[in-house]
Amino acid sequence: MAGGAALEAEAEGAGDARSPSYATTVMARFARNRFAMFGGRAVLALVLLATIAPVLALNQPFYWNAGQGPELPWLAALFNRLLFENAIDLLFNLLLVAALPAALVIRIVRRWRPGVSLGRAWLGASALVGALFVCASIEAVGSLKNPLHFTERVVNYRSERERLAVLGVEPSAWFPLVPYSYRETDPQSSLRGPSTEHWLGTDAEGRDVFCRMLYGTRISLTIGLVAVSIYVTIGTILGALAGYFGGWVDNLISRLVEIMITFPSFFLILTLAALIQDRSIFHVMLIIGLTSWTGVARLVRAEFLRQKGLDYVQAALALGLSPRRVIFGHILPNAIAPALVAATFGVATAILTESSLSFLGVGDLSVASWGETLSAGRVQQKAWLVLAPGAAIFFVVTIFNLVGEGVRDALDPKLRR
Amino acid sequence: MIPTFFGISLIVFIVLNLAPGRPGAEGEAGDVAISARGEQTQDSYRIFREQFDLDKPVLLNTRPWLTTDEVRRDLEVAAELTPASIVLRIAAQERLGDLGAYAVPHLMAVLDAADAAGQLRLRDTAVFFLGPSSPRRLIDPFNPVPGPALRAYNDAVTAERGVLGSLRYGFDAPEVEKRRVIAGWREWYAGAKRRFEYRPFEKLRLLVTDTRFAKYWSNLLRLDFGISLTTRQPVFSTLVSKLKYSMSLSLGSLALAYLLAIPLGVVSAVRKDTRLDRVITVLLFMLHSLPSFFVATLLLLTLSRASSWQALRLFPTGGFQSSNFGELSSWDRLGDVIWHLALPVACLTYGSLAALSRYTRTGLLEVLGADYIRTARAKGLPERIVIGKHALRNSLLPIITLLANLLPAVLGGSVVIEYIFGIPGIGQWTIDSIHGRDYNVIMGVQLVTTVLVLFGMLLADVGYAAADPRIRYR
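Sequences listed follow chains A and B, in order.
With this note's numbering applied, the first sequence corresponds to residues 1 to 417, in that order.
With this note's numbering applied, the second sequence corresponds to residues 1001 to 1474, in that order.
In isolation and in its complexed conformation, chain A is listed as follows (with noise of 0.2 Å):
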């Protein structure tokens, strides 16, 4: 509903020609926001948290020497499909061996060198880090006796520790903070409630509940990104062409969002969902983005109805422009302020809609959804399982909210009351 609400929202055009930029002024105003900069910086620090989630978490030791010669199984394991078996962990994982150590390049070069450009910046750091990471790999091959240890199965230094330990022998491990992986079960410590073993309990299948809610936050923000790229695609391109070309083009693609909003969204979710044999993850970030689109649609259009026959789009069109250039060049950066609002609220309702689904045991059974653990809650009546994972929804869906309505008042602050 949120959505609904920013349908009144009326992006302020470019139309004042004070000498800062638009995109600074809104900016500006964002950062005025005291919420909405709390709901900013939550969602930096979420996208941080889901990318190092390994470093935090994992069943794998970054060092690992029994005396038989070092050994690096963290490293090893980022790219292990036995143990990161969906690609958006894989991702993940690659912005975490890239990306991390890219950007801290960067900072040190533009400490040193405050002229050079970010993009400039960017790719040397990319590029010297992906030198340093190959260079490290054929050294630690060359001299450590396989190190990376590329094996196609995934050894428990866990209890392998403990075996050592039996005979008499201390190998020196540095685990990462929470030694379990998200899918790691343990029969033999189910359903254990928070100890300092396992900060938030286990599972049924004795899988470490904090695991799988820091794992699952991956899952959350791809499918809110996603989900929600996919449909602002569809509702802008559909909605552009409607405002601007309007006559039989706009009745048609009128009438097709009429019929789209007056199916229940989520039953339709449920009978696409139904329909796939062996839905992964995907599948439900092409059904949420395949049937929300609507609200961007009417959106983008009202917009275009309204710019079209502003003076700038004459001027566009005096000059020859092709419709395409003047759709997509000229009119949409003007129009698309709206659509951005609803994307925002529409990631947070794209989150909720995955977790509903996992709820009800129609998602991805494979992949750590937050929404899974806690229908797992429901079933064995036990509150851990249900209030950590229902306090991660809830958190992320309000600090989504959140910024939300700071982009709206942001960029409408008439709409402010």
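Honestly, the hints are just simulated from the structure, not real lab data.
What you are looking at is a predicted structure, and each value in this text was computed from that prediction instead of being measured.
Yeah, the Cβ is synthetic: ideal placement off N, Cα and C, and Gly gets one too.
Among the clues, some could well be false.
Derived coverage of chain A by chain B (criterion: at least 3 residues anywhere in the stretch with Cβ under 8 Å from a Cβ of chain B; other residues may be distant) [claimed, not checked]: (1) 80 to 88; (2) 260 to 267; (3) 272 to 282; (4) 383 to 390.
Fit chain B to the known structure of chain A by using the hints.
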């Protein structure tokens, strides 16, 4: 509204045809082992295909013009007489299975020709495909009061099915047995031959009527959504009987939402920018972000009989009514239902409060600055009358239109709530059907809920016209 309904049905039709990732070929259509998905999936998929005629061509049916050569070619591929990849072979088998009755005369022709030429493998394959293709379908099998003609026809079909069902043999059966079965087929075909001969006009009729599209529409207009896999009952009647649970939940929640949100909106508009206004805004904002399934689970854990605190066991753990519902007096029945629905309705309602009260507040603030409000105040009316009578009536108009937006959301939200509280409505049924791969139910629920929303929108329009004398529909 009619065009919208047409569009909705068209979209559902498209979904139906793009859907499901086919669980392999037909259960009977060949020896390819695709049974990894299990018996039940195969079964449900077959029922689904029958209901929506997924074995038929989509728009135009050219099968009355089928030639024996085409059937023979597919048979040869299916019988592994011509070298072909496994994919092509499965496709040929599926095609033969889909052709149904149209293939029967050609199968008989191939059977005779192959028998004469001594091509035993081809002959046996033809007999194999005759099995599922030859029987007629029952008409309206769930009619509780069939007419004599209908009953006679269905009895004849059932009897014929029994005979045809016995006319089959394994590929390694003794030749004598095969001869006997083939003789049986020839005898049956001599009697039933006329059924498979089409006059030119009839062919043209079949060209457009015996298609997925036409069948889909005729099913839709007859409100025939097929049978449910689990109960073997018609989907539509079950749906209607379950509608009362879902509707009392949804409508109850909508009514409660309006009852609560309007006063909240009025208070925060009248006390604009006070601490009360801010508290209401923040509270509703947080409620809006709270996932309903989380709250529902939590409430069940704390306030229901499952609670670990004795004093808090106030509500039932779920269901729509108590087990002794039949013995209660009518007032007690109402009380019992309300007692059962209190938690579910609360969970379904709080999420829509934020939007509704926000709209009320905005609408009221807009109106409060108007001249006629100042006039009303100037002539000394009490504030209560000014707000309640002059301002509120005008500011409520947008709220009525919001009903059209809320209804799909509430209906969708009720799925999760019904699931958690074990209310046997359509939402719960949908979830069960998804897990049981009961596609007919899923499609039926989809169509019916959409039509419900359509009616809700119509109602909102009518309500708007009733509330605003400036709007007249001509």
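Hint by hint, here is what the structure shows:
no.: 1; hint: 80 to 88; result: violated (count 0)
no.: 2; hint: 260 to 267; result: holds (count 8)
no.: 3; hint: 272 to 282; result: holds (count 7)
no.: 4; hint: 383 to 390; result: holds (count 5)
Of the numbered hints listed earlier, the single one contradicted by the structure is hint 1.
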